[in-house]
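Trainee: Sequence:
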Amino acid sequence: MRILFANPNSSVSVTDRIAAVARAAASPGTEVVAVTAPYGVPYIATRAEAVIGARAALELLAEHGSGCDVAVIAAFADPGVGGARELFPFPVIGMAEAAMLTACMLGRRFSIVTFATAMEPWYRECVDDNGLSQRLASIRCVPGGFRDINTVQEEKGEELVAACHDAVTRDNADVVILGGAPLAGLAGAIAHRVPVPVVDGVAAAMRQAEVLAALRPRKATAGTFRTPDAKPISGVPEPLRKAFMRD
0 MRILFANPNS SVSVTDRIAA VARAAASPGT EVVAVTAPYG VPYIATRAEA VIGARAALEL
60 LAEHGSGCDV AVIAAFADPG VGGARELFPF PVIGMAEAAM LTACMLGRRF SIVTFATAME
120 PWYRECVDDN GLSQRLASIR CVPGGFRDIN TVQEEKGEEL VAACHDAVTR DNADVVILGG
180 APLAGLAGAI AHRVPVPVVD GVAAAMRQAE VLAALRPRKA TAGTFRTPDA KPISGVPEPL
240 RKAFMRD
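Residue numbers (numbering that gives the first Met the number 0): 0 to 246.
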């Protein structure tokens with residue numbers, strides 16, 4: 000099977016990290032295709048940035064989705080996942096959604112721990128959009144800036160571990176999710192230091208994508224995620240125009 004990881008952030012180095020974690024989690028014979036948005040911000044942290052990322056995600060799926068069994072939108076809080084499910088014939092998974100659903104299978108209440116305070120409102124809305132607010136123990140954001148998105152794991156590693164412990168001891172979290180594509184791979188490195196399961200969104204999405212690929216679900220022809228009627232559209236790349244026009 001072939002799984003597309005579409006990073007709607009503009010950081011190629013983050014895409015490389017995502018791809019490495021996805022390939023490590025994949026079953027033998029699964030091919031991982033990882034692509035990066037050609038524009039936008041290095042990491043999405045706000046609602047406004049997520050709007051730009053959502054468009055980038057649709058463009059990436061339109062350009063690279065052909066021949067893939069499942070696509071993963073590889074940014075936490077899943078910009079564009081709803082529109083992608085409408086538009087494309089293959090299943091589309093959100094990285095945050097995959098992490099949260101995995102966490103719900105490991106415990107009653109989960110916390111999200113991340114590296115920037117700006118993400119908290121957007122992440123909270125993502126939890127609510129997925130109908131999981133009653134399962135959320137907390138969202139803990141490590142304060143302060145960092146030098147480089149590529150080294151944020153190293154720069155804030157100890158603070159992130161401390162935040163995981165606070166989520167458990169103060170918020171009664173049964174599971175901790177590390178939020179944000181730049182933290183891909185960190186869960187495995189710190190799992191032995193946190194007294195509850197720690198979920199990596201990329202690894203969770205990889206395994207869930209394989210399950211969906213094996214199940215081969217049909218594309219909806221009814222309901223809210225049915226394929227939209229064809230409509231002329233201008234000012235977008237040709238692959239996305241064809242997706243809207245059904246060319």
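Worth double-checking, as some hints may not be accurate.
[As the list claims (entries may be wrong)] List of simulated lysine to aspartate or glutamate pairs, DMTMM-like, C-alpha gap at most 20 angstroms:
1. LYS241 to ASP228
2. LYS230 to GLU85
3. LYS218 to ASP127
4. LYS241 to GLU85
[As the list claims (entries may be wrong)] Ranges of calculated distance between the beta carbons of each label pair, as one might list FRET restraints:
5. PRO120 to PHE145: 11 to 21 angstroms
6. GLU62 to PRO227: 31 to 41 angstroms
7. ALA190 to MET244: 43 to 53 angstroms
8. ASP246 to PRO142: 28 to 38 angstroms
9. PRO236 to GLU85: 17 to 27 angstroms
These are calculated hints, taken from the structure and not from any lab test. Where a beta carbon is used, it is the ideal one built from N, C-alpha and C, also for glycine.
Trainee: None of the hints should be skipped; say for each whether it holds.
Mentor: Going down the list of hints, with the structure as the test:
1. LYS241 to ASP228: Since the Cα atoms of LYS241 and ASP228 sit roughly 12 angstroms apart, the hinted pair holds (cutoff 20 angstroms).
2. LYS230 to GLU85: holds, 13 angstroms
3. LYS218 to ASP127: Distance ~25 angstroms between LYS218 and ASP127 Cα, so the pair is violated.
4. LYS241 to GLU85: holds, 14 angstroms
5. PRO120 to PHE145: 11 to 21 angstroms: holds, 20 angstroms
6. GLU62 to PRO227: 31 to 41 angstroms: violated, 19 angstroms
7. ALA190 to MET244: 43 to 53 angstroms: holds, 47 angstroms
8. ASP246 to PRO142: 28 to 38 angstroms: Hint violated: Cβ distance 49 angstroms, outside 28 to 38 angstroms.
9. PRO236 to GLU85: 17 to 27 angstroms: For GLU85 against PRO236, whose Cβ atoms are near 18 angstroms apart, the range 17 to 27 angstroms holds.
Consistency with the previously given hints fails for numbers 3, 6 and 8, ordered from lowest to highest.
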